[in-house]
Amino acid sequence: MHHVAGLPRLEGMAETAVDVKDLSKRYGDRVVVDDVGFVVEAGEIFGILGPNGAGKTTTVESIAGLRIGDAGSVRVHGIDPWTDRRSLTRVLGIQLQESRLQPKITVREALELWSALHPDPEPWPGLAERLGLEPHLDQRFVSLSGGQQQRLSIALALVGRPRVVILDELSTGLDPRARRDVWQLVRDVRDAGATVLLVTHAMEEAQELCDRIAIVDHGRITALDTPDGLIEAAGALTRTSFVPSAPTDLEALRAIRGVASVRRADDRVVVEGIEDAALAVLSALAGQQVVPHRLRVSGATLDTAYLDLTAHPDKEFA
Amino acid sequence: MSTTTTTTTTTPAAAVLRTETRLFRREPGSLFWILVFPTGLLCILGAIPGFRLDKAGLGGFSVVDLFVPVSVLVSMTLAAVQAMPPVLLAYREAGVLRRLRTTPVQPATLLGAQALLHAGAVVLSSALVVSVGRLAFGTPLPGSWPGYALAYLLALAAVFSIGSLITALSPNTRIGSAVSTVVVFPLLFTAGVWLPVQAMPHLLRDIVDLTPLGGASEAMTEAMAGHFPAGSHLLVTALWVVVVGAVSVRTFRWE
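If you're matching them up, the sequences are chains A and B in order.
Count the first sequence with numbering that gives the first Met the number 0 and you get residues 0 to 317, in order.
Count the second sequence with numbering that gives the first Met the number 0 and you get residues 0 to 254, in order.
Isolated chain A (complex conformation) (with noise of 0.2 Å):
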């Protein structure tokens, strides 16, 4: 039913966009990427998750030439970008985390720049006005708010019509209402064809976003598949919770299969199991004459899963 991670989902079909094998970067004798590969399709939103100082940033950095690996290699629609940057900046675009421009540069004339350094730029106004950057246009750059500067350096990732966008933090300073916007953005420029590598440790964006995710931790990958194969493969489970209208046997609730746990929580019954058991702990209610007011079932997400492929073994004994 998976598809086999790192290999391409239609046999044959696919353009490799992204291929990195045995990617190893040590600084001193810390090792910060440890023998990461994987290979991202054309036109695909692949995610690299994972807890800060994990090596996220310096894989993508050794992606877009940036940063030179120890071991290993990474080509980019067969671009070496260590070796050849100049032809890997035609098609790929980067938004590089806290990255900054010229204090006093202008919104307009930053936009105006990176098109005249593109071969066949995108026009700007329309990215600015998508981006919401239409009404910053004439201000200076060290006069943008942390969120309006990050909205400008995704239009410059963007404006080179790049064939591979690398976003690093994409919606760190971004309110909920122009992290959707971004969001829908990055969905269009893939529907335009472009491949998508984002960074994030945010795990909604990555649910939200991405074909599939690997979750990097101490520099490896540790897994990597599709938001749902992940959520699945960790086995996290469903919640159930309500508050009672009468004394609940909970007794009754344990013994149900498929429940895992049941316990209080102030006035409220928390139920933990897989997805059916809610179903069938609703008709035990109903049997026991109990109405669950309040009710609430939460399915596993992401976050759950990503805490168990991040786990910290040694942290526990700490």
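No lab work stands behind these hints, which were simulated from the structure alone.
As the structure is a computational prediction, the values presented were derived from the model and not from experiment.
One thing to keep in mind: the hints can contain errors.
Claimed, not checked - Label pairs and their in silico Cβ distance ranges:
hint: 1; chain 1: A; residue 1: SER297; chain 2: B; residue 2: THR9; range: 52 to 58 Å
hint: 2; chain 1: B; residue 1: LEU234; chain 2: A; residue 2: GLY27; range: 40 to 46 Å
hint: 3; chain 1: A; residue 1: ASP187; chain 2: B; residue 2: PHE184; range: 56 to 62 Å
hint: 4; chain 1: B; residue 1: GLY111; chain 2: A; residue 2: GLU231; range: 52 to 58 Å
hint: 5; chain 1: B; residue 1: THR20; chain 2: A; residue 2: GLU231; range: 55 to 61 Å
hint: 6; chain 1: B; residue 1: VAL35; chain 2: A; residue 2: VAL141; range: 21 to 27 Å
hint: 7; chain 1: A; residue 1: ALA191; chain 2: B; residue 2: LEU115; range: 34 to 40 Å
hint: 8; chain 1: A; residue 1: ARG262; chain 2: B; residue 2: ILE174; range: 57 to 63 Å
hint: 9; chain 1: B; residue 1: THR20; chain 2: A; residue 2: ARG85; range: 22 to 28 Å
hint: 10; chain 1: A; residue 1: LEU306; chain 2: B; residue 2: VAL246; range: 48 to 54 Å
hint: 11; chain 1: A; residue 1: SER144; chain 2: B; residue 2: GLY230; range: 55 to 61 Å
What the hints assert, rightly or not - Some chain B residues judged to face chain A by a derived CB distance under 8 Å, without partners named:
hint: 12; residue: THR18
hint: 13; residue: LEU22
hint: 14; residue: TYR90
hint: 15; residue: GLY94
hint: 16; residue: VAL95
hint: 17; residue: ARG97
hint: 18; residue: ARG98
hint: 19; residue: THR101
hint: 20; residue: THR102
hint: 21; residue: PRO103
Unchecked claim - Stretch by stretch, here's where chain B covers chain A in the computed footprint (C-beta under 8 Å, at least three residues):
hint: 22; segment: 79-91
hint: 23; segment: 94-104
hint: 24; segment: 114-120
Idealized CB from N, CA, C, for every residue including glycine.
Keeping the supplied structure of chain A fixed, place chain B upon it in accordance with the hints.
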């Protein structure tokens, strides 16, 4: 089907230069020290009557005459050592250079644009100094134009390599600015701001002649008098250019 909105097509390097020119014009501090201050200095000294008298001890020049090349060197020093390094350090610190590495244009283009703009401002300032000196105080024009131009270009190369070295070696903008300020004073002294090199006591003058701007100051004054500058003075400045330039190229970092 390219739907470019801009009507003019410019090369990336030209676009960088155009943008940096706009940004340069937004730095009133730099513009004042490079363009206005050197001519202002000449005018203040020229307002003192005694300074306008020719003196045998100064090779037949008046003090104001000697301050024409000195003011030109002041403009160069303030542009290349005081004004430019903080701009480049801030670009490196903010990741502007790094970011440019991910585009089809080389980050060196940005450095080149900055050097060109600062050097351009120096040339404008020099023209102003020489013209105002000539018109207001009757200071001489260079007697040997080729000699003057050669000494001028060597001095320009010397201060810009010193500015690049400061940029290369400073870990951040704050330290860079402090280093610039410390380096500017001896440079201005050896250029002759406090005392023209020709009026310095013998031993001091011999030492100052071995510095990049001391040599340049001597060479420019000789060219002003109409001689081709002495090879030794040109050689001193040229050696500084080669040594300092080589070290700064070797130690420069983009990030």
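> Which earlier hints turn out false for this structure, listed by number in ascending order?
Replying inline: Failing hints: none at all.
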